[in-house]
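S.K.: Sequence:
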Amino acid sequence: MNKLSALFSLRCILRDMEKDIGLQELSAPEMDVFLAANAMARDEGAAVTSDQIYSHEMASGLAQATYHRALRSLVGIGLIEKANGYKVGLYVVRSDLVGK
Numbered sequence: 001m002n003k004l005s006a007l008f009s010l011r012c013i014l015r016d017m018e019k020d021i022g023l024q025e026l027s028a029p030e031m032d033v034f035l036a037a038n039a040m041a042r043d044e045g046a047a048v049t050s051d052q053i054y055s056h057e058m059a060s061g062l063a064q065a066t067y068h069r070a071l072r073s074l075v076g077i078g079l080i081e082k083a084n085g086y087k088v089g090l091y092v093v094r095s096d097l098v099g100k
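For the sequence shown, counting from 1, position 40 maps to 40 in my numbering; every step adds exactly one.
There are no misleading hints in this set.
FRET-style restraints, in silico, Cβ to Cβ:
| hint | residue 1 | residue 2 | range |
| --- | --- | --- | --- |
| 1 | PHE8 | GLY61 | 19 to 27 Å |
| 2 | GLY85 | PHE8 | 40 to 48 Å |
| 3 | ALA39 | LYS19 | 18 to 26 Å |
| 4 | GLU18 | VAL88 | 24 to 32 Å |
| 5 | GLU57 | ARG15 | 16 to 24 Å |
| 6 | MET1 | VAL75 | 37 to 45 Å |
| 7 | GLU44 | MET17 | 14 to 22 Å |
| 8 | ALA6 | GLU81 | 31 to 39 Å |
| 9 | GLY89 | CYS12 | 35 to 43 Å |
| 10 | LYS87 | LYS3 | 44 to 52 Å |
By construction, these hints were calculated from the structure, which means they are not laboratory data. From the three backbone atoms N, C-alpha and C, an ideal C-beta is built for every residue, glycine too.
Full structure from sequences and hints, please.
M.R.: Take a look at the structure:
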């Protein structure tokens, strides 16, 4: 199998996984921010700051306006929520809403 065929196979597997857990409708920036937030939280239910999410390599390449739009969108659809007691800047990934 050549590298392009292997890449194609991996991308198909990734798309199937995204569909299985309900993330297929996310835009590329939303997916990057969601995955970065999940990676930075480390533990399910752990809160992370907006700055921590943006510092992750998956999100740091996004323009700030794009990053903030994606984060706001993820909060709007309920995949990420504001941490209890905080109005801005601290977030929790709602992994319980994503099929496992």
